[in-house]
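*Asks:* Please work from the sequences and hints to get the whole structure.
Chains as they are written, first to last, in this note's numbering: chain H, 1 to 352; chain Y, 1001 to 1524; chain L, 2001 to 2311.
These stretches of chain L come out as covered by chain Y in the derived footprint (C-beta under 8 Å, 3 or more residues): (1) 2158–2172; (2) 2178–2185.
FRET-style restraints, in silico, Cβ to Cβ: (3) L:Gly-2006 x H:Ala-23: 52 to 58 Å; (4) L:Glu-2304 x H:Ser-58: 49 to 55 Å; (5) H:Leu-194 x L:Val-2286: 44 to 50 Å; (6) L:Val-2122 x H:Leu-194: 58 to 64 Å; (7) H:Pro-119 x Y:Arg-1434: 43 to 49 Å; (8) Y:Glu-1345 x H:Leu-339: 43 to 49 Å; (9) Y:Leu-1142 x L:Val-2122: 52 to 58 Å; (10) Y:Glu-1073 x L:Val-2286: 52 to 58 Å; (11) H:Gly-271 x L:Gly-2006: 28 to 34 Å; (12) L:Val-2286 x H:Pro-11: 29 to 35 Å; (13) H:Phe-142 x Y:Asp-1037: 55 to 61 Å.
Simulated from the structure, these hints should not be mistaken for lab results.
Since this is a predicted model, take the numbers as computed values, not measurements.
The C-beta atom is built at its ideal place from N, Cα and C for all residues, glycine as well.
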Amino acid sequence: MRQGLRLQRLPSVQPGVALGMRALAIAIVVLAASLVLLAAGEDPLALGAQLVTATFSSTFGMEDFGLLVIPLILTGLSVAVGQQVGAWNIGAEGQFLLGAFAATTVGLFVPGPAVLILPLMIAAGALGGLVWILVPTLARAFAGVNELITTLLLNFVAALLVYYVSTGPWRDRVGMSNSSTARITVEVPEFWGLVHWGLPIAIVMALAAAATLAFSRWGYEVRLSGSNPSAAAYAGIAVRRHIVTVMLLSGLIAGVAGAFELAGTVHRLQGGISNNFGYLGIMVAVLARNSCVGVIFTGTLMAFILNSGIILQTQGITTSAVLAMTGAILFLTAIGDELAHYRIARAGARGS
Amino acid sequence: MIAPQDRYEPAPGTAPLVQLKGIAKYFPGVAANQDVDLEVLPGEIHALLGENGAGKSTLMNILTGIYQPDAGEIVIDGYAREFASPLEAIAAGIGMVHQHFKLVPAFTVAENIHLGWSETPRLASARKLEARTRALAQRFNLHVRADALVSELSTGEQQRVEILRVLARQARVLILDEPTAVLTPAEARALFKALREFASRGNAVIFISHKLEEVLEISDRITILRGGRRIATHDAAECNHRMLARLMVGREIVLADMRQRPVGAAPRSAAPVLRLESVSALNDGGNTALHDVTLDVHAGEIVGVAGVAGNGQRELSQVLTGLRRTKSGRIIVDGTPLQAAGAAEFGELGIGHIPEDRLRSGLAPSMSVATNAVMREYKKPPIGTGGLFRSRAATMLAREIAKAADVSVPDFSMPVRNLSGGNQQRLVARREMRIAHKVLVAAYPSRGLDVGAINTMLRYIVELRDAGAGIVLISEELEELLNLSDRIVVLYEGRLMGALDNERIDVEQIGLLMGGRALQQEAA
Amino acid sequence: MELLTGILATTLLAGGVLALAALGEVLAERVGVVNLGAEGLMAMGAMTGVATVTAVPSPALGFAAALVIGALFGAVFALATATIRANQVLCGLALTLIGTGLANTIGRSYSGMPSPAVFEHVRVPLLSDIPILGPALFSQNVLLYLIYIILPVALHYLLFHTRHGLNLRAVGENPAAADAAGIPVGLIRFAYVTAGAALCAGAGAYLTLAFVPSWSDGMVAGRGWIAVSLVIFAGYRPVNAVLAALLFGLITSIGFVGQARNWPVAAPFLSMLPYLGTIALMIVPVLAWHKVRRLMAAPAALGEPYYRDLR
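*Replies:* Structure below.
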């Protein structure tokens, strides 16, 4: 017979505890990575200092960092929005690519003044992302097919498509590269140094999404549909319609991310343009606990992590290593989220 | 009670089959069991009586190894035992048939019987298992279909499978948790007969129930639990209704006849406020769940719907509230037939719904109390003006509802699942009552609540009736239906078997209608 | 005629990778845990196979090493999902990220080079002389027989004709019922998730030691995900899963033929076929009629953590 302390599982998690768990997860992974570096003969503290200087003390550093923030906030927003109705949009990577693809189509083949073409490119990007999530959305809404896998498989298809056009029919004939398209002349204007207007637009989009969810009637219905579809149906809400709308929105946002990356940062369509932003967006959303405002902050954090990987490439830390670390953080966060439910109580306590 | 000549008389000095001494068990926020003693002798049927939440199921979960006690001892046949898992309890001869069956719906009867059983042959093809099952069924005289999928069985049949499972494993102590909740009166009688036979062979039965009538009928001794403690143990012969009720609840209960109208209450209207006309509807699986149902609900009356769960009650409440489309027939509200109306329209018309499973349909557990409270009125001003959702107005409405429901909410932004079951149910009830000016459909409103909470719910319903709404009360508690309804209809296999005026009702009659065709089969 | 043999042989090889991974996934999902880390496990297995064989030129050892690595990662995953009961989707995605990331990082030094040792072809006397079928079916590496015959038959028998199989299926269908019947739910989930993960990693080793005998960055290319989808399409049954994998092997094989023979369709589009095919196959069964839906139904408790001592 057990006396003394025992473990109890509570039904809800306190937000403070959940955020604390995430910080702990990141700390553990960073610590582990430092130990690995130490074992390989490197000095993690020196590397850390190098990172901070490289990122924050030069304009170049800040610009590189800032350019990474834009796509990460947007893909994070895309995944977080999808999660409002419980949908797992793992296809943000592919929708990103289709957004870039659609924007490229306009950029390369539609003549006109920049003031007209640029909005058209972004709109095309939005449409591209929406189209790419359409089939998985309909399959989920009408046939109950798991969207996680369908959206993800389309990532590979999108990558093949972009690879095809950028090394084939749309290959840059003029330049030296044989794996990207010609440079697209229409560009997103600069906002701060190299960082383009995509940044404030991304932040505004995130805030707008958060406001809509919290303060509009539609937002209330969406939140209810995601939390408990049966209860939403009981309240007379057209759950299926909301699921479709929100999933399409999620794809649209990822498409916009791709369009901005193309028109603002890279200016050419090429194979690696999506750069794992779609998958990292999942991380951004999970760290932010699917909060649309939160992705602004966790997107920035993720950009820092990614940027660090790029800076430290000379020290042998590749993007793959950063992805692995991101995976480890996700893993520990998932465990932490479950453990956050538990508390230690004294046996015999008439607790509250 | 067993007739004296059939009783098993243990030899003098025989240890009790089961002894629980000083058992305690705690969960977050509640002491489920405290200092509970229980003694069960061979040959006896021992009832465990108490209201919902008294700790009966918890105690039995401890005895069967599902929970570990925080304090106390388990003694079987005179030897102290610890059951770290259900397997150990089964090996000691303790078998339990739970209120919610622990069967695998996708498996056949034979597969379920042989699950987790050491005597199942290592190489077990479907045919072999079915043959063994038939042999077992014959040996214990329990009729089951070995090759049928459990998901296709009626609840009565499923219960037989559970009992056979337990008996096959040489159980000497059979524990049944609220077994008659899912049986017609005739099936219940058959069960009691089987139990008496079992006990007469030197085994014991622990019978958990909150129904005074059947506890007095079947048991030799009765132990009453209240608030997690053992209050008393008596021989059944010494007990009567009133005494047991008082021990169960801790105070005198006056079972008021709630059908009496106070002065000024709205009278029963002449014309029906809601009418189902020859309505048929399909269930989720595509089969017909309601056949040609015609039902009138008048303002100021309570219509009780009796019947064993699973005979179309769910579909009926869904059709009445717009959650399910009808296949044929019409729904007429205040004389106007409805055209393609959904749940939202029904709500706007003034039809409220207290759902069967509040956590699954009526509430979004992870969302805030305020969000849940305004679920029916979020489109109306002041919350829903201009396509917005004003959360401050929502919180104010939530406060009003919580006050009316007598629920103290420390923080309206906390998840609603943090509230207790009774609080949740009252919140849902008052939320629905606010919009239910024409009709309230209440499906099993007292399920899972203790007597105090049940009384409150029923008072709300009566209050609404007196204010002029029509109530459809779907319940499996005959006592409750008789107490409240002006008229009672019985649902059997999707058909309405007759409407009886409460004045002229006879429980036997209702029982017959509830059993419907089943009764004819047994006679054949 | 050589073409047919070639197609058949490639079909078997390409399908073999998917089949082994799918079998591993069936084990995990039958006890109620959805393992979305299959892709990462395959990557780790693929890299481990090549790395081992570079050190010790024994493909059998390489395969075994991959199984061990898979079991290790699988055990950690099982600990998180079955024991601690963390969210299975997140843990699976994390495992995929960790697996592919680690494999690409550690495997950089092996990238692009052919595997020093591969599984040799074993010729079955007489049978391998049958025209067309012979060389394709009976002159293959040993693992093929394991994947296509021994494992599916053994797993089918285990799941549907033994007492143990009945118990473990119950864990995936209704863990509360299994628990009440005395079956150790947590232990079974842990064991089979780990075993399934080992098989997934083994599939990766098969990829680099038998099919495409070399390792390169990102070569798994979604095969793990296709395997997960195949399991759904196959109704969670081992024999069906292997047959479905064979179908995909055929699709892949046709794509290769198209590329080799300069069909008018560009290579990238042919490469898209397996992914598009998988999506189509995921949607089609659901639109099928009710009886088929029930036969193919997922274990009822798939993806849900099981808490026993809970109010």
